[in-house]
Amino acid sequence: MNIEIADVTRQFGRTRAVAGVSLRTGAGVFGLLGPNGAGKTTLLRMLATVITPTSGSMRLLDRDPGAYAARREIRRRLGYLPQSLGYYPGFTVAEFVEYFALLKDMPPRQVPGAVATAIERVELAGKARAKLRTLSGGMLRRVGIAQAIVNEPELLLLDEPTAGLDPEQRVAFRLLLRELGARATVVVSTHLVEDIGVACGEVALMDAGKLVFHGTPQELTAKGEGHAIGDAPLERGYSAVLAAARS
Amino acid sequence: MDDDGLIALVAAGDDSALRALFSRHAPWLAARLRAALPAADVEDVLQETFIAVWRGAGGYRPDGTAGGWLWGIARRQAALLLRRRGPAAAVLFSQVASDQDVGDPADTVPDRVDLDRAVAALGPPGGTEREVWRLLYLEDRPVAEVAEMTGVPPGTVKSRAYRARQRLRAALRADGSAAELGSRMMRGGAR
Amino acid sequence: MTGTFPPPDSPPDVDLGRVWIGVVGEVWRRRPGLLERSAAALLRSPGLARALLTTPSLLVPWLIASVAVLGAGAAATFGTGQPIVALMAPAVAAAGIGYAYGPGIDPAWELAASMAISDRIVLLVRALVVFAVYALLGLAASAASGVAAVLTVGWLIPMTLVSALALAAAMVARSANVGVATGLSGWTIMVLSWRAADGRFTAAVTYTAPRAALYLALAACCGIAAAFAPRVRKGTP
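Protein chains in written order, with my numbering: chain Y, 7 to 253; chain P, 8 to 198; chain U, 8 to 244.
Read the hints as simulated data drawn from the structure, not as lab findings. Please note: incorrect hints may appear among the correct ones.
The list that follows gives simulated cross-link-like pairs (lysine to aspartate or glutamate, EDC-like), each with its CA atoms no further than 20 angstroms apart [claimed, not checked]:
#1 Y:K216 / Y:E231
#2 P:K165 / P:E152
#3 Y:K137 / P:D21
#4 Y:K216 / Y:E10
#5 Y:K137 / P:E138
#6 Y:K229 / Y:E185
#7 P:K165 / P:E136
#8 Y:K137 / U:E33
#9 P:K165 / P:E138
With the rest of the complex left out, here is chain Y:
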């Protein structure tokens, strides 16, 4: 089990962004669905050890992220793509990926090869030496994915990774996801339902900080039988579950 969280809550003042979420998952691609404001980003931030839960217990990669040394070990094996990734405009693609590879404490000897592999995998080889300020939004997103995968993480957390990618790139991305999910736990947070169906083995649906569904995409589709809202079966399942949760 790479992720074992129990009854995790995160409060910001009086708002409960995440309210008692429990989850256990191992290798594979895990989709996190939900409307904006459902708490997906906050949950991902906690999994990325960027913020700590207000209450509840977390075990990531079989370690306790509350302990300093263990947290460092988790972070060396972690890849994270935040929803809004800032970048240093004067860096080139290769420099940016290399910077974070170094900060992830990768052995320096492995870094050039790992950076090259990551850049090739996101198909940015032609732009490796271009400055970030010259890239389009979709390319910047791919740079973000590259830095997340550069250390071959065991736990990969991607928050809205397909934002700005055109349909062809999204197809390529889903193939990459499947490859990565063979050995690692990949958590993909998205509000685009179709991103999930193809690549994910497990899906969770969040609404108002709570987990309202956890199962396979097929099970989610089944929930949508007879439901009117939604163009595709998975979308119908999605809106059916949301409607039930809110009523």
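Given the structure of chain Y, go ahead and fit chains P and U onto it with the hints provided.
Then chains P and U, alone, in the frame of chain Y:
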């Protein structure tokens, strides 16, 4: 785009041109090297070769001999790699590296070669043929330099090198584990 | 998204894809300058050295950090004479540097917060750089200006030493918090011994142990607050 154009782009710092050169030439270079070296060594030599291409593209004169130029770099890198292993390994490759021999049709790659005995067949250390072989193949010096160092004309250097190779070949063949490599390896040079 | 080569006539056991990665890794590699390589050896971490050397190039954070450092320094050396100002100054400076390189200003702060080489250690390193640069500039300016001289000797140089001490402690203990605590203790001892030595801060109070303990406790609280300043996130769920 033709090879000369690609190499010119590489010299100007275009890494996509290097990639195109690699796609085009790495396969046949790998095949040639593989006839004499194990796969892991082929990978190392190819990597060093194309890094050398990246660094040295400015030194190429665009006269349509890109294949020969590349093979020359690959040979040198292989020699460098083998030199680190010791003189015995270089013996084998010196058979391959020459571009003057007529090839022997036998294709087999040796399983076990008594390399020390073969080297001993060249004569005592300091002897004329062994010295020429050491300077030319182990230390990878050009013929002109070897001529200067040994104080003989280049033509003599070449004929001594030829005799050295003959002796090596005979010694290796006599072992029963032939070091004869394909004629396509022997011919080195331009493709 | 695989980027491998399908070579038709190459030997099957030669992995040309792996070879290409080796070539292009070398081609795309950045070659760090002498300064960065020395810093990497000193800090025993190439990542930390890189983070350090990118400090001045992030211009807006640099300016904000400078204001915090120099402002706090001015208050410390020319202030009302209350030791509490001097004791709080590092906390203010640290908070300023932390804010400057933290959320809202450093564009990649969220990513930096998930890194193995933690953003707190990076913060200590950056604090050292900011102080060291201004100490050097101050030394240069001291020849021309008395004010600069006082500020340099009374604040910039000691704080550079304190930051260096904090960083060293953090590296040894492998904990940024230990580093901050060490640095603050060093600064507090320094301030109190100045007071005891030459009545520099002209407050007409006598040096008593309980008051010293109070100042130490306050300094510690400010330090802890400063250490956690970069960790406070805006409350967006």
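Legend entry - Numbers of unmet hints, in rising order: Hints 1, 5 and 6 are the ones this structure does not satisfy, whereas the remaining hints hold.
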